[in-house]
Amino acid sequence: MLTKQEKVLHSKHSALHDFIDGSKQSLPIALGYFPVSFTFGLMAVKGGIPVWIVILISMTNLTSAGQFAGTNLIIAGAGLAEITITTFVINIRYMLMSLSLSQKIVEGIPGYKRWIMSFGITDETFTVAAMQKKDITFSYMTGLEVLLYRVGGRYCSGCYSVYHTARIFTKFNGYCFICNVYCACNPGSKEIKSCSDCGRLCYIYKLSNKMGTCLFSCIRWMENNYSHIYCMYNRCKAFSNGGYGK
Amino acid sequence: MNNTLIAVLLMALVTYFPRVLPMAVIKNKIKSRFITAFLGYVPYAVLGAMIFPDILTSTGHLLSALIGLGIAVILAYFEKSLLKVAVCAIAVAYICEMIISRV
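In order, the protein sequences belong to chains A and B. Each residue of the first sequence is one higher than the last, beginning at 1 in the numbering used here. Each residue of the second sequence is one higher than the last, beginning at 1 in the numbering used here.
Hints are computed from structural coordinates only; laboratory data are not their basis. Keep in mind that this is a model prediction, so the values were computed, not measured. By construction, the Cβ of each residue, glycine as well, lies at the ideal position given by its N, Cα and C atoms. Please note that the accuracy of each hint is not assured.
As the list claims (entries may be wrong) - Listed next, with one range per pair, are the computed distances between beta-carbon atoms:
#1 B/I99 x A/V106: 46 to 56 Å
#2 A/P50 x B/Y41: 16 to 26 Å
#3 B/N3 x A/I92: 17 to 27 Å
#4 A/D135 x B/Y41: 10 to 20 Å
#5 B/M98 x A/G111: 45 to 55 Å
#6 B/P53 x A/A76: 22 to 32 Å
#7 B/R102 x A/P50: 20 to 30 Å
#8 B/I74 x A/P50: 42 to 52 Å
#9 B/F34 x A/A15: 49 to 59 Å
#10 B/I74 x A/M131: 16 to 26 Å
Unchecked claim - Here are the simulated lysine-lysine pairs, DSS-like style, with alpha carbons at most 27 Å apart:
#11 A/K113 x B/K84
#12 A/K104 x A/K134
#13 B/K29 x A/K113
#14 B/K31 x A/K24
Said to hold, decoys possible - Chain A is faced by these chain B residues, among others (derived, beta-carbon under 8 Å):
#15 A7
#16 V8
#17 P18
#18 L21
#19 L39
#20 L62
#21 A86
With the hints as extra help, turn the sequences into a complete structure.
Right, here's the structure in full:
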């Protein structure tokens, strides 16, 4: 028999293990979400929705089809009832998935954890979780969802937000440039104390410069290949689900 | 602007509720064999519906889609990991697409 302390330790270990397990399996799905997040951001920003609302939509509506349909309706200026009903009809399928998954999770998960873990049920997470041989724990499910949420919801929620990042980088470039000039003019200045600081700044300057241009060209490329990326997303989605052989 | 915000909130509610309701309401395992069997087949039905018409039309040409599908099926049959299957299939379909559109 395990003592109480050992039991707690054991459950902590397996929780971490489950979390890592879920995170690992979410990688390919995140790969598939990446292009669609960009596509969504492009579409919404082109339609004239402010960036923070685009980000809000991505963060609160964790569903690709419903998100696209709802945003299209908002852009088209549809009524509230129309938007709500359309999104609801598209999302009814989650009811079936959630019902199916509720039979597969381990028993005795408290209510609030159920509310949390059901936030991230999408087509992809559901399929991966449903194909698991063992019962699903809370840690596993959150591991599966967290990365997706970050990828799909936040970091690429608008291509436009990347655009902003690029602009910040260029601004940063400007500051670094001034620092560089200052260093060059006053080698012994007290503000920038040592040579290594100067070198570090130069390095950051170069790096940010490169990243800035890289991001800009990336965005331009994405704007040009909008349809291409969407195709790629479809392919990713179809294959990443279809390929789950085990 | 205000209207948009309300629309977004309604969308969020309507997205969250279908997911959380079954999970929060049904806390015990369902005993009925009929329903359990039905729910057991849901993943396969969902997979089939998600993949099948889409996979053939998601690329520019049917041929590249078929080749990509073939690669995915072969790799999945030999039980390669999900990442390997997805990346290989996408790469192959992409290359085929490039070749076909050039010819």
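These are the hints, each one checked on the structure:
Checked against the given bound of 46 to 56 Å, the beta carbons of B/I99 and A/V106, roughly 49 Å apart, stay inside it. Between A/P50 and B/Y41 the beta carbons are some 44 Å apart, a value that contradicts the proposed interval 16 to 26 Å. Checked against the given bound of 17 to 27 Å, the beta carbons of B/N3 and A/I92, roughly 25 Å apart, stay inside it. For the pair A/D135 and B/Y41, the beta carbons lie near 18 Å from each other, so the given range of 10 to 20 Å is met.
Here the CB-CB span from B/M98 to A/G111 is close to 52 Å, well matched to the stated 45 to 55 Å. With their beta carbons about 26 Å apart, B/P53 and A/A76 fall inside the hinted range of 22 to 32 Å. Judged by the Cβ atoms, the range 20 to 30 Å given for B/R102 and A/P50 is violated: they are separated by roughly 41 Å. One distance hint, 42 to 52 Å for the beta-carbon pair B/I74 and A/P50, holds here, with the actual separation near 47 Å.
The beta-carbon spacing between B/F34 and A/A15, approximately 35 Å, falls outside the hinted interval of 49 to 59 Å. Taking 16 to 26 Å as the suggested C-beta distance range, the pair B/I74 and A/M131 conforms, at roughly 19 Å. Note on A/K113 and B/K84: the hinted pairing is violated, with a Cα-Cα distance of about 32 Å set against a maximum of 27 Å. For a cut-off of 27 Å, the pair hint linking A/K104 to A/K134 stands: about 8 Å separates their Cα positions.
Restraint check: the Cα-Cα separation between B/K29 and A/K113 comes to about 17 Å, which is no more than 27 Å; the hinted pair holds. Distance check on the hinted pair: B/K31 and A/K24 sit about 33 Å apart at the alpha-carbon level, beyond 27 Å; violated. For B/A7, the shortest C-beta to C-beta distance to chain A is roughly 5 Å, which falls under 8 Å, so the interface hint holds. For B/V8, the interface hint holds, since its Cβ comes within 8 Å of a Cβ in chain A; the closest pair sits about 5 Å apart.
Taking 8 Å as the C-beta cut-off, the interface hint given for B/P18 holds, the closest approach to chain A being about 4 Å. The interface hint given for B/L21 holds, since its Cβ lies 7 Å from the closest Cβ of chain A, which is under the 8 Å cut-off. The interface hint given for B/L39 holds, since its Cβ lies 4 Å from the closest Cβ of chain A, which is under the 8 Å cut-off. Taken as an interface hint, B/L62 does not check out: its beta carbon lies about 13 Å from the nearest beta carbon of chain A, beyond 8 Å.
Satisfaction of the interface hint for B/A86 is found here, the shortest Cβ-Cβ separation to chain A being roughly 4 Å, below the 8 Å cut-off.
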